[in-house]
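Using this note's numbering, the first residue of the sequence shown is number -18, and each one after it goes up by one.
These aren't lab readings, by the way, just hints derived from the structure by calculation. Keep in mind that the hints are not guaranteed to be accurate.
Computed Cβ-Cβ distance ranges for the label pairs, DEER-style [claimed, not checked]:
#, residue 1, residue 2, range
1, G27, N(-2), 15 to 21 Å
2, G27, N(-16), 15 to 21 Å
3, V36, H8, 16 to 22 Å
4, R37, T16, 25 to 31 Å
5, R19, S(-12), 17 to 23 Å
6, R(-14), P25, 27 to 33 Å
The calculated lysine to aspartate or glutamate pairs, modelled on EDC-like cross-linking and capped at a C-alpha distance of 20 Å, are [said to hold, decoys possible]:
#, residue 1, residue 2
7, K(-13), D13
8, K(-13), D34
9, K15, E1
10, K15, D34
These numbers come from a predicted model, not from an experiment. Idealized CB from N, CA, C, for every residue including glycine.
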Amino acid sequence: MDNWRKSSYSGPDDGNNCVEIANSPTHIAVRDSKTPARATLTFPAGAFAAFLDGVRGDDYSTVTDFARFRG
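The whole structure should be built from the sequences, with the hints applied where relevant.
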């Protein structure tokens, strides 16, 4: 995946302390911007969408909750 992007909430003072995402038609990839060459987590697009809906609804707020959506 080559279309990595940072959150629009990431400002100049954040440096490289961000999470980046890239998407394809079927999957979403997540990586740490401090170490982009290291491990990437990949999730089915539907599972990632459900996670985001949960975060917006404040249902899922921990990494453990996020991990359970991984398909």
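Outcome of the hint check:
1. Under the hint 15 to 21 Å, the C-beta atoms of G27 and N(-2), about 29 Å apart, miss the expected range.
2. Taking the beta carbon of each, G27 and N(-16) are about 19 Å apart, inside 15 to 21 Å as hinted.
3. Restraint check, V36 to H8: a C-beta distance of roughly 19 Å satisfies the suggested window 16 to 22 Å.
4. For the pair R37 and T16, the beta carbons lie near 28 Å from each other, so the given range of 25 to 31 Å is met.
5. Our hint of 17 to 23 Å for R19 and S(-12) holds, since their Cβ atoms are close to 19 Å apart.
6. Distance hint check for R(-14) and P25: the Cβ-Cβ separation is about 19 Å, which falls outside the suggested range of 27 to 33 Å.
7. Between the alpha carbons of K(-13) and D13 the distance comes to roughly 10 Å, so the proposed pair stays at or under 20 Å and holds.
8. Pair hint K(-13) plus D34 holds up; C-alpha atoms about 19 Å apart against a cutoff of 20 Å.
9. A threshold of 20 Å between alpha carbons decides the hint, and for K15 with E1 the separation of about 10 Å falls inside it, so the pair holds.
10. A hinted pair counts as satisfied when its Cα atoms are at most 20 Å apart, and K15 with D34 does not qualify at roughly 26 Å.
Checked against the numbered hints given earlier, the structure breaks hints 1, 6 and 10 and satisfies all the rest.
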